[in-house]
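Number of protein chains: 2
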Amino acid sequence: MKIELAKSYGFCFGVKRAIKIAENSKDGATFGELIHNSEEIKRLEDNFNVKTLSTIEEMKDEDKIIIRTHGITKKDLQVLKDNGKNIIDATCPFVTKPQNIVEEMSKNGYDIVIFGDKNHPEVKGVMSYAQGNVHVVLDSTELDGIKLCSKIAVVSQTTKKIEDFIKIVAYLMTRTKEVRVFNTICNATLENQEAARELAIKADIMVVVGGKNSSNTKQLFLICKNFCDDSYLIENESEIQKEWFNGKEFCGISAGASTPDWIIQKVVNKIKEFE
Amino acid sequence: MKIELAKSYGFCFGVKRAIKIAENSKDGATFGELIHNSEEIKRLEDNFNVKTLSTIEEMKDEDKIIIRTHGITKKDLQVLKDNGKNIIDATCPFVTKPQNIVEEMSKNGYDIVIFGDKNHPEVKGVMSYAQGNVHVVLDSTELDGIKLCSKIAVVSQTTKKIEDFIKIVAYLMTRTKEVRVFNTICNATLENQEAARELAIKADIMVVVGGKNSSNTKQLFLICKNFCDDSYLIENESEIQKEWFNGKEFCGISAGASTPDWIIQKVVNKIKEFE
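Keeping their order, the protein sequence lines are chains C and H.
Residue numbering for the first sequence follows our numbering, beginning at 1123 and increasing consecutively.
Residue numbering for the second sequence follows our numbering, beginning at 1123 and increasing consecutively.
Fair warning: there could be bad hints in the mix.
Note that identical chains are pooled: a pair holds if it fits in a single copy or bridges any two copies.
[What the hints assert, rightly or not] Here are the simulated DSS-like pairs of lysine-lysine, each with C-alpha atoms no more than 25 angstroms apart in a straight line:
| id | residue 1 | residue 2 |
| --- | --- | --- |
| 1 | 1273 | 1219 |
| 2 | 1299 | 1388 |
| 3 | 1299 | 1197 |
| 4 | 1138 | 1269 |
| 5 | 1299 | 1129 |
| 6 | 1388 | 1182 |
| 7 | 1196 | 1299 |
Quick caveat, the hints were computed from the structure, so don't treat them as lab data.
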């Protein structure tokens, strides 16, 4: 039986990069949770002695501080620098980008609109780079009645949907003369879905690895099911049943965005036993 | 009976301005039709000896050249300048704006997208200010398969609908990193409609003056009819019937975008006879 992993699956580029950085920063401490995945954070602590701290106060005795994937505020970064910390930046480059855009655009006299959730650490970081007016909204109605400058620069939280971002931009186009749109949405989720679909069309069995409560994993599973009747959603290798593979010739594998590679590898190893 | 003109009606700001400029430029010649209204062009020729010429060749013996409302190409303007003509610019400021934007943006390395009709003189003028790539489209599908730069500046022909402009921008947002949107749509048509609606709500008879084949005039009439049962569409004062005004107390008047003021004035004078 042929076994093939989807072209894109599991952790996104930014998360994989951050994990590699953390593994190379033994005995360091991360500023906030490095990524949104507690199993992986535990593994980094167990195997590499990388602690997770949440306040600057707690970091005072640390030397190496690893900045989490979704970034921190400009002010917090400055405090770390002022305290002479060795700063290791694991901010996802797709998050650094809107931070830089917001900083440059507000320097150039643009009001800033961020499409995102103002309580999300990524958005808190991005908005901290604005020097002038900044509006964080999830819906254009939140801008009703607000006096807007004639030049607006717009960015999006990386994980938002383009359809909703377009609605914000459409609204701004009717309200002001210049709208400078930076599409800072990251397509990792879409790429995983597209790759799963592509593989499911060819495979006669699909195994999707991920949390049963994870909305992106469930969506991946539904896409696979749509193209391959024999699709299974599992959390780890212990759920695999041998009879699923009877008479099968091509097994495709995908995984949700919060599934670590080592869990996927265990699944692959188990399926290989049936070859 | 009270007679009231809508707050906004008839010729737009740019057309009124161009007529005033032409009236002040006796014995001049316009480069192309000054405005899209043959009756008015005839009046300017009869009363102010302002000719309409269409080629630079024809203009060689002219001294005063009046640039039409929708502008000319950068190259034609240069030829006129090189020939030492006295150039009187009646280009609508709402058209000069996208010309300037396109020139500046393409100097700054942006590819240009113009939402508009590439055969329209306004669009021909605007696109002539681009130094690099420029794409003129009426629909986003025309951009399929075209290699786009990572920085796009977008303007619209002044008379287009915002809903369609938004569709072009939405498409570009999915194709490139930065989309710099300049909303260069002029709201004159919408303003006439809004003002007609406002007046029709208060009036007990509405008279709309304009061509029976003019789509914007018919739309104005329908809006009035919706709010005032006794609404009438006429081309000129000869169609007015006295009995329309029996028992009426408040007559509202609006006019289509190609109706000259002097025709509207004759209508007002006639209605005043019934007061």
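A quick look at each hint next to the structure:
1. For the homomeric pair residue 1273 and residue 1219, the shortest alpha-carbon distances inside one copy (20 angstroms) and between copies (15 angstroms) are both at most 25 angstroms.
2. In the homo-oligomer, the alpha carbons of residue 1299 and residue 1388 never lie at most 25 angstroms apart, since the shortest distance is 55 angstroms inside one protomer and 38 angstroms across protomers.
3. Taking the shortest alpha-carbon separations for residue 1299 and residue 1197, neither the intra-copy value of 32 angstroms nor the inter-copy value of 28 angstroms comes in at or below 25 angstroms.
4. For the homomeric pair residue 1138 and residue 1269, neither the shortest alpha-carbon distance inside one copy (41 angstroms) nor that between copies (31 angstroms) is at most 25 angstroms.
5. In this assembly of identical chains, the alpha carbons of residue 1299 and residue 1129 lie at most 25 angstroms apart only when taken from different copies (24 angstroms versus 42 angstroms within one copy).
6. When the C-alpha separation of residue 1388 and residue 1182 is checked against a cutoff of 25 angstroms, the pair qualifies neither within a copy, at 39 angstroms, nor between copies, at 84 angstroms.
7. Proximity of residue 1196 and residue 1299 under a CA criterion of 25 angstroms is satisfied inter-copy only: 24 angstroms between copies versus 30 angstroms inside one chain copy.
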